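Q: Residue numbers (this note's numbering), protein chains in the order written: chain A, 1254 to 1812; chain B, 304 to 1128.
Keep in mind that the hints were calculated from the coordinates and are not lab data. A portion of the hints provided could be inaccurate.
With a straight-line Cα cutoff of 25 Å, these simulated BS3-like cross-link-like pairs (lysine-lysine) come out [to be verified]:
hint, chain 1, residue 1, chain 2, residue 2
1, A, Lys-1325, B, Lys-574
2, A, Lys-1497, A, Lys-1721
3, B, Lys-457, A, Lys-1265
4, A, Lys-1407, A, Lys-1433
5, A, Lys-1497, A, Lys-1519
6, A, Lys-1536, A, Lys-1480
Computed footprint of chain A on chain B; a stretch qualifies when at least three of its residues, placed anywhere within it, have a C-beta under 8 Å from a C-beta of chain A [as the list claims (entries may be wrong)]:
hint, segment
7, 585-593
8, 824-837
9, 850-864
Listing some non-contacts, in silico: residues in chain B with all C-beta distances to chain A over 12 Å [claimed, not checked]:
hint, residue
10, Gln-325
11, Arg-348
12, Thr-372
13, Glu-443
14, Pro-455
15, Gly-582
16, Val-625
17, Gly-667
18, Thr-691
19, Leu-745
20, Ala-752
21, Arg-755
22, Gly-774
23, Ser-867
24, Gly-922
Just so it is clear, the structure is predicted and the values come from calculations on it, not from any experiment. A virtual CB, placed ideally from N, CA and C, is assigned to each residue, including glycine.
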Amino acid sequence: MSGGPLIVQSDKTLLLEIDHPDAQACRMAIAPFAELERSPEHVHTYRLTPLGLWNARAAGHDAEGVVDSLIKYSRYPVPHGLLVDVAETMDRYGRLQLANDPAHGLVLRALDRLVLIEVAKSKKLAGMLGAKLDDDTIAVHPSERGRLKQALLKLGWPAEDLAGYVDGEAHSIELAEDGKDGGKPWTLRSYQREAVEAFWAGGSGVVVLPCGAGKTLVGAAAMAEAKATTLILVTNTVAGRQWKRELIARTSLTEEEIGEYSGERKEIRPVTIATYQVLTSRKKGAFTHLDLFGARDWGLVVYDEVHLLPAPIFRFTADLQARRRLGLTATLVREDGREGDVFSLIGPKRYDAPWKDIESQGWIAPAQCTEVRVTLTDAERMSYATAEAEERYRMAATARTKLPVVKALVNRHPDEQVLVIGGYIDQLHQLGEYLDAPIVQGSTTNKERERLFDAFRSGEVRTLVISKVGNFSIDLPEAAVAIQVSGTFGSRQEEAQRLGRVLRPKADGRQAHFYTVVSRDTIDTEYAAHRQRFLAEQGYAYTIVDADDVLGPKLPTVD
Amino acid sequence: MTTSLADHLRSLPDESLAALLQLRPDLVVPVPADVSALATRAQSRVSVARALDALDQFTLLMLDAARLTRDAAEQTTSTDAVLAMATAGPHPPAPTTVRAAVNRLRALFVLYGPESALRVVAGVDEVSPYPAGLGRPAAELDARAAALCADPAKLRRTLLAAPPSARAILDRLAAGPPVGSVPAGALQAPALGAEDDLPPDPTNGGVPTGSPVRWLVDHHLLVPVSGGRAGVTGTVELPREVGLLLRRDSGPLGPLRSSPPPVATAPREPKAADSAGAGQTMEVVRHTEALLEQLAAEPAPVLRSGGLGVRDLRRLARAVGVDEPAAALLLEVAYAGGLIGEVDLSGATTTRHGADQQVLPTAGYEVWRAGTLAQRWEQLARAWLTMTRQAGLVGQRDDRDRPITVLSAEAERAGGPAARRAVLEVLADLEPATGPTPEEVLALLDWRAPRRSRGRETAHREVLAEAATLGVTGLGALTSYGRLLLADVTAADEHGDDPLGLRSDAESGEASTAVRALDALLPAPVDHFLVQADLTVVVPGPPDPALAAELEVVAEHESAGGASVHRVTPASVRRGLDAGYSADDLHALFRRRSRTPVPQGLTYLVDDVARKHGGLRVGSAGGYVRSDDEALLTEVLADRRLEPLALRRLAPTVLSTPYQVGRMLLALRDAGYAPVPEDASGAAVLARPKTRRAPARVPVTTRTLDPLTTPKLAMPRLLGVVEQIRRGDAAARAARRAPAVVRGGVGRTGPAPVPSHSDALAVLQQAVRDRALVWVGYVDAHGATASRLVRPVSIGAGYLRAEDDRTEMLHTFALHRITAAVLED
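Work the whole structure out from these sequences, hints included.
A: See below:
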């Protein structure tokens, strides 16, 4: 027994005790092959997955090294069966290779002939493989590259992709770190630099960073690395505009070089920003805007908020395997459980950092999470008790009792910019009237939205009530307090995104506050617990306070 | 005829005879009546086969050398002749090793007589017909082949002329065994004129050779032994002289190896192997416990044909998270270790399978569970080492193509313990922490006891896999504690003269050395955990039993292994409250056990659930009284005459009682109230007296049979009885006519000529074919000689099955007990 910091579990999770003196060294050793699953305060959980092990193989780590570091840091004897399993899993990678043959183009080549025979017979690969060139080689149509890789992964024989990436149409892009148009000089943060390097070394993949940690800059730096025409896919038009602003400010790109491809405008320029929505819009059952992918010889495709990638885009992405792809996200938790598809089509996770680590480095604001429990009135309880099952969450989440609590919370931070976030339009209107604050919702026009956001940014408007549209990619630099009143049931990633609204570092380094107001003893509390799970796993401990303490005459300090 | 084995044995001192009996214990079961009987037994095929089974490859080859060097007339050979043949090859073994091998054979009395005139006992030739993989001498096979072999120069020329494809066949047969089967018609000459139609032979430069076997037979290099003509599959044999000539490069006995084959794998660090094995032992114990818990939660029915159904095995395996072979192994081991057993069900058809037995954990399981990890593992590993089961058979199909199920009789293999012992001893003899490949282990086994390991390669591979699964081996090497356990079990076995179990470790209550060695490798139990904000509870090591019991109640299990992860959920807190913890108890529990501050979220969770806990109350009552008139109910409640009803007020308008409605009605009516019973929907129930009747039955007059009349016997039945008596009579008369040879009575007639055991076998085989009556003399279980007139039915698997016409019974005789057989004339 070495007394190391790591405990290897037989279900292939690794428990890392972070207070142990060797914890940091151990984290460095296991990070290449194990996926960080949870990082609460004392014990971080990593998981060994076939995908993670194969990625490690792809990055040049061998099974012997993995087994060695497991044994070296493990506190207890590691089961023989698990070691054998790790070695066998890693051995499966690379028995098949996707390569460019000078004569036949893209081919699937086998280092182990029996594996090729096995996969060639599989029904899942029907139609993806072309003619058999010799005993060890089968031709592959270039358009099937992504689907084939995906299918081989599912069969458990991941192919090593040696076919490389196309360079795309060259276009000069530089980071303007000296400051542009009189701006202040700046530099990439260390973790942003590491993320870009990890991505570029791997070719394609996903970078996971907390909201407010500057994912846009990672994208910009990747573009500067690629120096090629780039297609950027974003969730909505506002987010697209923001990307454009950021790119103009931080890179050598000018306004003329960046095009917007949205419902309003259809520009195709060396750098084009398109929304998921316009790409997935259909006319008579056909996707009309797919030509965009082929409109230019893109050298890089950037997917913003990749955890929201709609299913049709998955299919298109399968055709883009020869182009470099960068996915950006704060949480890879997908409520539809399709994380595996993101990995196989965009690429594996190339960079990930625990939120608390970045917070301790001062790159995101330290946040105080508070759950405020509201006791419903008897009348509300009675109507909740008799409501239909599907109505219950709405009843509990939109209880009127929450209004004074929200007002009290807003008043508690008189000098801060406050966002009030909700999921139900009726409730938002109530809140708007009650707090006398403007509302941004789905039906608000882009023009009006930008006006309100500008006003909020300038401090003209102190409190803003927003609906789900504000979940993603709106840049509200000085929001320091967010109050959540209702949401999309138990969505963990929504909670993380909403917290992200206040994580952007404050000029004076003060603390951010995230409040979630829930109705006690209702399904609202259960959903809240579920929503908080991801953040709790990231080490954010929620403090629970009673609404009466908030409303009461003496306000206790919550710091 | 020179001295027979019997004479030789008779001349030995007592100690030497005792030594022989110790080496070949099967000779004394049953105890032979005299030395002649002992000699007969020692030469019998079965006994010789047993003696040879334990010998290594080199010694067996030396025996073959002795057989090959026998001189034709005297049938004797000498140590020198054996030595000469053994050292004829290119890599001659040291003469001392050869002599040692010969002495081993002499000690076993497989070879006997003085060194200059060694004789081979008769049974050897029956046991293995082809010494050193060489065929019979040409003279015994075919005159023309003999003529060819008599002329070495011509033989050499013929060999060199053989086409490549034919030469390949020769080389294969020369390596042994020297007989091969040929397809039907291969030896037939092609039709006249069809010679040109033969396909070109690529191995012969495109020149058609026809069938290479036919070429060899035509040139007398191979001799057809049987069949080979149209429609019959035949066999051909390579004459000994040709085989020896072909082996001129490797020596007459083929490649010789006087020491076990070396292992290429270098030893690892002993700690690595031990550590991997120890990790695996934790897994095995945990999986076994999970499996048995699962079995306790949902017992598996025993199939009519024995064993557990495939579906149950799959369910158990899935629930525990192991694959089916591993689950089957653990179940078998748990059964062998007495941790699970069958229970009879009272109602025979209560389960959906209609089975009347279930498999459940036994009381022994509770004892096992209380032990330490190492003790629990030892119990499992010991059970595995000694169980006569082959778990690897589960899932395969038996002779009747039915799947073999776990715990069924079909997976019983008496050779199991010996096979495991053999494999592990191979590993134990290597340097510590050497992890040879399965192939190397099989090669070693093949060298150590070729006769025993041949055909058991699959079983041996399974043993290796099972040993790895159970953590007896780690990284392919025998672990230090596994070595101790093996030594312990072997020692216990050798103390076979301890029938009362006086030296048993289990009785003394002291941990065995293996347990102590394993204990040192396993993590020590911990009594604390870490609680985190995401409501997970991490126990950083194996929990001590008290902590495990607490966690089992208040948290859901999430991940197991060296440590364990649990999650506190509303449901688990509720379970804790149901189990009698109060909210304060739970807070105290988390505070006491946690090394880290208890997060606020957990405190709130416990309080929230506790607040709602018990908000609804459920109970049972025998009946109730309700009334809209609260005053009336108060009067009933206060009525002293109704005190025996133990009425309790549930609500202003409802009283409840533990007694049944009928009794309550009577009591209320007696007390002068006018209650009306109501049913579940609240409607009034009317009562009317019911007339009672006995159940319907058949009138007595329909039964006419008088039980006292004597039964009538029909004529055919009587004739049958007479015939039976007559037949018995004839057989009894015949029994008096048993020939002297068979009657044997060794004690009475003095040293009778000992007939060869193989003669008896020949007679019996003929009798089976002819369905003839035979007198069989045999030694019964008490060592007495008896004889019986029977009609043999079949011979096989070491047993003769025969009918006794007199008693019309089928008898089974062990062949090695049969001393003589004579045809009835």
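Q: Output the numbers, in ascending order, of every earlier hint that fails for this structure.
A: 3, 4, 6, 15, 16, 22, 23
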